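Add chains B, C and D to chain A, keeping to what the hints say.
Protein chains: 4
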Amino acid sequence: MSSTFGTVFRVTTFGESHGRGVGAVVDGCPPRLALSEADIQPQLDRRRPGQSALSTPREESDTVRLLSGVENGLTLGTPIAMFVPNKDQRPEDYSAMSRIPRPSHADWTYEAKYGIRASSGGGRSSARETVGRVAAGAIAEKILRERFGVEIVAWVSAVGSVEAPDLTGNPMTRSDVDAHPTRCPDPAAAERMAAAILAARQASDSTGGIITAVCRNVPAGWGEPVFDKLEARLAQAMLSIPATKGFEIGSGFAGSRLRGSEHNDPFTMKGGRLGTLTNRSGGVQGGISNGEPIVFRVAFKPPATIGKPQSTVDVEGRPVVLEASGRHDPCVVPRAVPIVEAMAALVLVDAALIQNTRA
Amino acid sequence: MSSTFGTVFRVTTFGESHGRGVGAVVDGCPPRLALSEADIQPQLDRRRPGQSALSTPREESDTVRLLSGVENGLTLGTPIAMFVPNKDQRPEDYSAMSRIPRPSHADWTYEAKYGIRASSGGGRSSARETVGRVAAGAIAEKILRERFGVEIVAWVSAVGSVEAPDLTGNPMTRSDVDAHPTRCPDPAAAERMAAAILAARQASDSTGGIITAVCRNVPAGWGEPVFDKLEARLAQAMLSIPATKGFEIGSGFAGSRLRGSEHNDPFTMKGGRLGTLTNRSGGVQGGISNGEPIVFRVAFKPPATIGKPQSTVDVEGRPVVLEASGRHDPCVVPRAVPIVEAMAALVLVDAALIQNTRA
Amino acid sequence: MSSTFGTVFRVTTFGESHGRGVGAVVDGCPPRLALSEADIQPQLDRRRPGQSALSTPREESDTVRLLSGVENGLTLGTPIAMFVPNKDQRPEDYSAMSRIPRPSHADWTYEAKYGIRASSGGGRSSARETVGRVAAGAIAEKILRERFGVEIVAWVSAVGSVEAPDLTGNPMTRSDVDAHPTRCPDPAAAERMAAAILAARQASDSTGGIITAVCRNVPAGWGEPVFDKLEARLAQAMLSIPATKGFEIGSGFAGSRLRGSEHNDPFTMKGGRLGTLTNRSGGVQGGISNGEPIVFRVAFKPPATIGKPQSTVDVEGRPVVLEASGRHDPCVVPRAVPIVEAMAALVLVDAALIQNTRA
Amino acid sequence: MSSTFGTVFRVTTFGESHGRGVGAVVDGCPPRLALSEADIQPQLDRRRPGQSALSTPREESDTVRLLSGVENGLTLGTPIAMFVPNKDQRPEDYSAMSRIPRPSHADWTYEAKYGIRASSGGGRSSARETVGRVAAGAIAEKILRERFGVEIVAWVSAVGSVEAPDLTGNPMTRSDVDAHPTRCPDPAAAERMAAAILAARQASDSTGGIITAVCRNVPAGWGEPVFDKLEARLAQAMLSIPATKGFEIGSGFAGSRLRGSEHNDPFTMKGGRLGTLTNRSGGVQGGISNGEPIVFRVAFKPPATIGKPQSTVDVEGRPVVLEASGRHDPCVVPRAVPIVEAMAALVLVDAALIQNTRA
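Chains as they are written, first to last, in this note's numbering: chain A, 4 to 362; chain B, 4 to 362; chain C, 4 to 362; chain D, 4 to 362.
Chain A on its own, in the form it takes in the complex (with noise of 0.2 Å):
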């Protein structure tokens, strides 16, 4: 009962990793938008494995299908069904694991939860569930951008111990993003960000990471005090996303080692409107966004899936030591980036579609 996320704007998603496919329906999009697959499968392409060396040579293509909704290239106003058929839809590398929960996975928190979970990989845990929420973010983001001017651009800003420098002031665009298979855009972190990943595949092992993201050009008011203040929708949004461990906006919990005339963002003129010289605030103020960048980070951790054997016990607490053969991401964060743009986007769209019940 949880698979629904926004208020006006909301998206199910469905599907697991190895049944017949994942999707999703996107209800209360706004009619008239121009919107085809063209629209949707350059994010899931970014999102898709096997795009570079850095991460599984799995294969899957991932093709969105439009089910409803859309009629001549045009939305209707109505739910708007899409599907991402399985291309691996039969059990294969899993079938041992079914007596030994894998540590750090949701093998074990699922079976305790429903009593039952999909005998094959993740199933809803997987990563693979995002398909959906990238596709109904691929709208939500056309919507932002062709009628609020709304830019969302996320990158790779650290990989292990490896720290980009902060790039949240430049105008980063997504080729500059896409411009390494790290999503980076600092090209000498980039490479280290690499080598990190590439030492960790080589050790059988796996390593964490931090995404920046910065929405650009939101206006001042979106967000819903009180609890659907729009730092408190991004931070569900994003700790919903697999593997996250944390999320700050703005300065973040470096800002709670700072005193308040340094943390406070003093207002200015900027081209007309009041606007504020720095940006600790990371673009919402009380839960509503100020018409500065809103800006923060995820924290990703370590993909528990590694090669490396690890010793742990069987559901009968015997001792096993288990050693995953199948082919898995050594770090997740590169592929991670069109996924925090999508619910960034979700949590914006469904703000904006509110505020308009003031109107």
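No lab work stands behind these hints, which were simulated from the structure alone.
Hints may be right or wrong, so weigh each one.
Copies of the same chain are indistinguishable here, so a pair counts whether it falls within one copy or spans any two.
Claimed, not checked - Okay, derived cross-link-like pairs now, SDA-like style, lysine to any residue, Cα gap no bigger than 20 Å in a straight line:
1) 90 x 154
2) 145 x 361
3) 273 x 205
4) 311 x 261
5) 311 x 280
6) 90 x 68
7) 273 x 102
8) 311 x 269
Quick caveat, the model's predicted, so the values are computed rather than measured.
Coordinates of chains B, C and D only, in the frame set by chain A:
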């Protein structure tokens, strides 16, 4: 349209800082729970201003009154309305600020969103709004404690750059926490924190901080993938608290620097049930509680209201120097401890009741 | 978990018939609406008992107080809490009934559902619960009137077997309706209705009735297919009012006896816009308003509380004869008129604000 | 934003009449329910066109496919997506109608609401949209039947002015209902109904009708006062079905003509539990099931599409005579029986699962 939180245990808060009062309505509370004002008042007392020399000397007794939903000391299963009258209902200190939006306050964004804002104080963006949350959270906590054995304890783990040692493994209680007015249960760190707060006040300045929370005895199986994963709802809940800038669960941002082999929590047998040897997951896997303590941290920025003069502009863009004259907290984290506990309780009780739908 | 109604304009009601009071919180009300208690009180006065010889002599002044969301006579866009204290807070008339569930009351079902119920009166199933709805509806009506020109007028069209002629085509106003204590604007029918009500009272009995409502100037385009079609939400709203047993829109049940060629509403040009020559549709097509008056009828059963002795059994199944001694309405429809109007207003304003999201 | 129904057991439908297909996503279905397409297909078969000489000769096989949420014949507790491809995806019969809104269809209101509408057929306002509801309802029914013993049976109780005798007290089954193509289980009335339908077709006209439904073995305690009372949700559910104009429960409109002493249902002991001697309440008191059969009736207008010429105007207001040429049902009630059952099941299963939150 966003002052309601929860799916089954639903809380709606209301009230502005200088209006007639603040409160909440709790819908979906199970019937036959023993409940009176005495169950709610203690957490309100921990939240109220004027508790120690470290906080604002404003006196607010914050006495809660149950208006409905309880008869003869038992809940009826019907909505529970609670009201706390405001002592100070008249606009006083703030009149001059109406044309000068206070830096890093929500004055300007409320104006941008609604075209109007409360003339005194923060209105709905004030920390006073959290009175309703704390009252509702006290009910949630009672259910969690009595029906599920769940215990929630939060404390101040950092003030400015003063950090307490990691106490998440200790059997911390609320009396431990309340032993020092900083609400840091480590005596040495507490002393240094108190000094940091007083130094900030001395400098007519303010300081941020971090709160750590632990939820014990949460059974495996709570949390609703994919959008209402337990960590996602906790993140939303925490980022909906005024002045928060970050949330992390388990290993958090630091976890992103680890390798999978260092980060994974191997399983082990714990008193007849499957547990984990380490808890970098922070008590959740795939959005579902795994039976280990749920551990998270919340970053608070320094309060925006400072006595120090600030250079900013008024709504017409004319340079002004702003000096706050009111009585304000130099650091909110000691008083925010019960708010964090309340929001955690609201997330957990909702997850618990929803999990019942699968019974 | 169901005392909240609406998606964008959300009302949460609270309070039992013999507790401290009843009220509502309205979330999502547009900002800058002129609002004071004086806008709300008149509909509460039309709802309260003791208005005429036809109703119960119980005196309840039902004075509403705004607790939040309004400052200097304008809404702030924040939740509007309203409270009406109960005059009679002590259990009196009802004590004997605790072991004898009253036939066709909700005593037994509340007990079955919650394992507990209010010891006095109907608690939450009492018509007193509708005070909060009427207060919220008055705000909704003000928005509809001032921002959209919408007018809602309901009246009593039947009491027992006394039926008024069809007045839906007449330009009926609330003063027309209030001209007679029955709230039937046809004087001859009103007289016969009054006689029927007094005869029922004389016989220590009660009688049912029907309310007809017309919503004028609703623009085409309101209503959210497929599950929140305008007629679907109206039906929910009306059947949520105590004592209702039926709802029909436009041609209603009688329409099921017609042929399509008799039932269809042909289009015509009306002052520059497309309208229909007839209105058997009742102002909606496919769940969406079509610009014609929205016309519907609501059936109310006779009040369950009667002085006449009733043979029934107690909770152990022992035969008993029950005689109500309190002061009760022999017919609820005159007082239910503002409740029907309020619920219609809540449905319409929510649909109006949602339609704005497509702007 | 309104194609989702339910709080805990949530159904989202999608699809237009002439697009790629129609379907639904069910979120919140309990895990470990045995489920396959074979559980769903029978009700779809009862709904599809072309079942008998009384309905449209259009052939739609309506074969459902489960896309997610089920593995090895068991539900996983995750969203269940279902898809039924449309056979006829091309615009054909309707092209001329684009500038002539069909009287009493939703062409004009969809245009007014969305500024666009499906170019062929009714799009989302078509009865074809109900395919997703029936599929979801079949799952709901399976839960109700297997876990709670609840049985839902609906039948045609009137066609035009032909009325069947009251059969609500009889132990009617679906085979009784399906014994005659009218789905009226009274053979004599069924014959007259068939004649009425064929006469309407002969006259290139259509006819309305009424469906009666009984839900047996619903335990006392389901339904969520005050806005999600069981009858309120049933009313919403039924009025959300295309072509419905009225809903009544128990005594309904006729009950409004009775006195309380005639209408009240006295209690009695029934096999160890409290029951009522009569059932004018229709199985609910105060919005909560009371353990008696839930009995309600739904009025359907005559289908708007008729062969008979109709005088109307086009979008510019120019008089035109419209003659429908397609193949259409002269009466929808026989095929609407499984739709009514599906919507009742969706209401009941949601109420059942919510009631579990109080366990």
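Structure-based check of each hint:
{"no.": "1", "hint": "90 x 154", "result": "neither (32 Å within a copy, 40 Å between copies)"}
{"no.": "2", "hint": "145 x 361", "result": "between (22 Å within a copy, 15 Å between copies)"}
{"no.": "3", "hint": "273 x 205", "result": "neither (50 Å within a copy, 34 Å between copies)"}
{"no.": "4", "hint": "311 x 261", "result": "between (41 Å within a copy, 15 Å between copies)"}
{"no.": "5", "hint": "311 x 280", "result": "between (49 Å within a copy, 18 Å between copies)"}
{"no.": "6", "hint": "90 x 68", "result": "both (14 Å within a copy, 17 Å between copies)"}
{"no.": "7", "hint": "273 x 102", "result": "between (61 Å within a copy, 17 Å between copies)"}
{"no.": "8", "hint": "311 x 269", "result": "between (51 Å within a copy, 13 Å between copies)"}
Checked against the numbered hints given earlier, this structure breaks hints 1, 3; the rest are met.
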